[in-house]
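Participant: With the hints as your guide, set chain B onto chain A.
Residue numbers (the numbering used here), protein chains in the order written: chain A, 1 to 275; chain B, 1001 to 1270.
Note that these hints are calculated values from the structure, not bench results.
For each residue, glycine too, the CB sits at the ideal point set by N, CA and C.
There's no promise every hint is true.
[To be verified] PhoX-like mimics (lysine-lysine), calculated; alpha carbons at most 20 Å apart, straight line: (1) B/K1079 with B/K1015; (2) B/K1009 with A/K203; (3) B/K1015 with A/K197; (4) B/K1095 with B/K1015; (5) B/K1095 with B/K1187; (6) B/K1009 with B/K1095; (7) A/K203 with B/K1266; (8) B/K1079 with B/K1009.
[What the hints assert, rightly or not] Across the chosen pairs, the derived CB separations fall in these ranges: (9) A/G214 with B/Q1010: 34 to 42 Å; (10) A/H232 with B/F1139: 37 to 45 Å; (11) A/R17 with B/D1182: 16 to 24 Å; (12) A/I103 with B/S1261: 48 to 56 Å; (13) B/M1059 with A/E271: 52 to 60 Å; (14) B/S1207 with A/P99: 24 to 32 Å; (15) A/G128 with B/A1090: 54 to 62 Å; (16) B/A1144 with A/I166: 20 to 28 Å; (17) B/F1113 with A/G214: 28 to 36 Å; (18) B/F1113 with A/N236: 53 to 61 Å; (19) B/F1139 with A/V213: 24 to 32 Å.
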Amino acid sequence: MTSFSALFRQMFVQKRRYAHLVLLVQTFVVIFIFLMDLITSNNFAKGYLVFGQGSHPRFWDVILALGIMTTAIGDVVFLGLLCWQNEKINLSQTWQLIPVSSIKLWWINIFTSLVECAYIFVIQVVLGIIVFVIDCLSYGYNIVKIFNQTSGFNSWSDYAGFFELIFWLIGLVLIIFCFVSFANFLTRTITDQLLGKNSTVIKIFVMAILVIVGVTIAFRINDQITTMYINHMMKNRAYSGDTFPMITIEYFVGSLILGIVNSYLVQKFVEPKIR
Amino acid sequence: MTSFWNLFKQMWLQKQRYIYLLFVVNIFTVIFMTVLRITMPSNFSVNSGLTGYWEDTYMWLTIYFDIAFCAVTCWQNEKINLSQSWHLVAADERKTYLANVSTSMVACALFFFLQQIINGILLLPGYGLNSFIQVYRDFQLWPAHYDLMRDVLLHWLFIIMIILLIYLFVSFANFASRMITDFLPFKSTLWIRLLVIAILVVVAVYSGLIIFSHLETLIDIKRMSPHANIIWQYDPMWLDTLILFIVNLIFDSIDLWFVHSFVEPKIANY
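Chain A with its partners taken away, still in its complex shape (with noise of 0.2 Å):
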C-alpha cells in the first residue's frame, strides 16, 4: 500500500502546475489592464478603488483594485481547470495501476484539489495584503487605525461572518468536485451497459441528460429545504431572512451523499481508459 502523504504529494505537485498558470494569467491581466490604462487614459477599475474612489487614483490602488476583480474570475478558471484535472486522475490507468484502494485514491484526488484551491486562494489574498500595505503608504495612512476600524474586532464571535464564508466556500467547491465525479462516473457507468458502440456524441448525450436531471432535482430540493427552514423560523419567531448556514450545511451533506455513492461508482464500476 502507498501511503496517503506519497500519494497527496504527487498528486498536489501535478496540480500545482496549474495553479501557477492561473497565478501567472493573471498577473499578466493586472499588467497589461494597468499598462493599457495608463496609455488610453482609461480607468477600467472604476468601480474597485478602495482610497482613490472620485479622485485620481495612485498607481498601487488601480493595481489593488485589478487584483480584486481578477482574483474571483481567476479562482473560477482554476476551478474548472481542477475539475478537469480530477477525472483525469480517476480515469488514468497510471494513477490505478498503484497499489491503493480505488476508494482512498477518489477521496485523495478531491482532498488535494481543496488543499489546491486553499493554496491558490492564500497567495492570492497575502499578495493582496501586501499591495493593500504599499497602497496605505502611497497615500500616507496609518495601517493599523484603519485595519481596526474596517474589522471592528471586540470579541471572536465578530468573525463569525468570517468563519461562515470560509466554510461556504469549502461546501461549495466540495459539492463542485463531487457532483463533477458524480457526472463522469454514472456516464461512463451507463455508457458502459448500453449496447453498441458507445461513440462521443452518446457520452455527451447521456451526461447532459445527467446534469440536467440532477441540478434541476438540486434546485427543487433546495426550494423545500429552504421553506422548511424559514417556516420553522417564523414558528419561533426567530425569523431572519439569513440562509447562509443552511446552505452550507446543504453543500456538506450534499458532498458526503455524492461522495459515498463516487466511492461505490468507483469500487464497482469505473475501468480507467486506456490511454
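Facilitator: Structure of chain B alone, referenced to chain A:
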C-alpha cells in the same frame, strides 16, 4: 480538386449528428421541466400556470442551448482543422477551412430553427398560431412595431457576425498558440499552450471592450453637439454590426493565411 460542395456535404454529415444530439437533449429538457412543473408546482409563483411558466422561461433555455451548441461546433471545427484525414483531401487548405466555417454556420441556423419550432409549440396555448411568429418577435428577429430594415435585418446580421467572430477567434487562438509553441526552443507542453491561449483571449477581450467603449463615447459626443445632424439611437446597431464585420474580415484573412502557410495537422487521427 475536390469541389467546395463535396467538402461541405461531407463535413455536414459529420456535424449533423451534434445538431440532433443537442436537439434531443433540448426536447428532453423541455419535457422534463414540464413534468416537474406539473408534479411539483412551485410555492413562490402559484398563479402563473404552465403557459405563463413557458412564456417566462423559453428564452433563456433557448439561449443556453445555443451557447452549448456553439461550443460543440467550435470543438468540431478545431477537430477538423487539425485532423490529418481532412488535410489529405485533395483541396486547397483554405477551401477546407471555409467549408468548415460555413457548415458550422449552417448547422447553427438549422439548430436555431428547430428550437424555434419547439418554442412555437410551447407558446401555442398563449398565442394561438401566432406563436410561431411570436418566438421570433421576442428575439427581435421579426418586425412587430419596429422598422424592418433598421432593426430586424440588422439583428439577424448582428447574430451572424457574432457567431462568425466566435468561430474565427477560436480558430485564431488555436492556430496562434500552436505556432508560437512550435517556435519555442524548449518542449512545448499543454501548459504553455494554455498560457498562450489565455493571454491571447485576455488581450482580445480587453481591446474589444476598449474599442467599443470609445466608440460609444464618440457617438455620444456627436449626438450631443448642436451642429451634428441627430443620430437617432443611443448605441446604434449598424455601427456594432459594421465593426464586427471589419473585425471578422481581419480575422478571416489571418486564419486563411495561417491555414495556408503554418498549420500542421496533429498525428492523432479522428
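Participant: It remains to establish, for every hint, whether it holds in the given structure.
Facilitator: Now for the hints, and whether the structure bears them out:
A threshold of 20 Å between alpha carbons decides the hint, and for B/K1079 with B/K1015 the separation of about 11 Å falls inside it, so the pair holds. Using a Cα cut-off of 20 Å, the hinted pair B/K1009 and A/K203 is violated, with the two alpha carbons roughly 25 Å apart. Pair hint B/K1015 plus A/K197 holds up; C-alpha atoms about 18 Å apart against a cutoff of 20 Å. Pair hint B/K1095 plus B/K1015 holds up; C-alpha atoms about 17 Å apart against a cutoff of 20 Å.
As the CA atoms of B/K1095 and B/K1187 are separated by approximately 32 Å, the hinted pair breaks the 20 Å bound. Taking the CA atoms of B/K1009 and B/K1095, the gap is near 13 Å; set against the 20 Å cutoff, the hint holds. Note on A/K203 and B/K1266: the hinted pairing is violated, with a Cα-Cα distance of about 24 Å set against a maximum of 20 Å. Restraint check: the Cα-Cα separation between B/K1079 and B/K1009 comes to about 17 Å, which is no more than 20 Å; the hinted pair holds.
A beta carbon spacing of about 37 Å between A/G214 and B/Q1010 agrees with the range 34 to 42 Å that was offered as a hint. Roughly 43 Å separates the CB atoms of A/H232 and B/F1139, a value that falls within the hinted 37 to 45 Å. A C-beta distance of roughly 21 Å is found between A/R17 and B/D1182, which places it inside the suggested range of 16 to 24 Å. The beta-carbon spacing between A/I103 and B/S1261, approximately 52 Å, falls within the hinted interval of 48 to 56 Å.
Checked against the given bound of 52 to 60 Å, the beta carbons of B/M1059 and A/E271, roughly 42 Å apart, lie outside it. Separated by about 52 Å at the C-beta atoms, B/S1207 and A/P99 break the suggested range of 24 to 32 Å. The beta-carbon spacing between A/G128 and B/A1090, approximately 58 Å, falls within the hinted interval of 54 to 62 Å. At about 51 Å, the beta-carbon gap between B/A1144 and A/I166 misses the expected band of 20 to 28 Å.
Here the CB-CB span from B/F1113 to A/G214 is close to 30 Å, well matched to the stated 28 to 36 Å. At about 55 Å, the beta-carbon gap between B/F1113 and A/N236 stays in the expected band of 53 to 61 Å. A C-beta distance of roughly 28 Å is found between B/F1139 and A/V213, which places it inside the suggested range of 24 to 32 Å.
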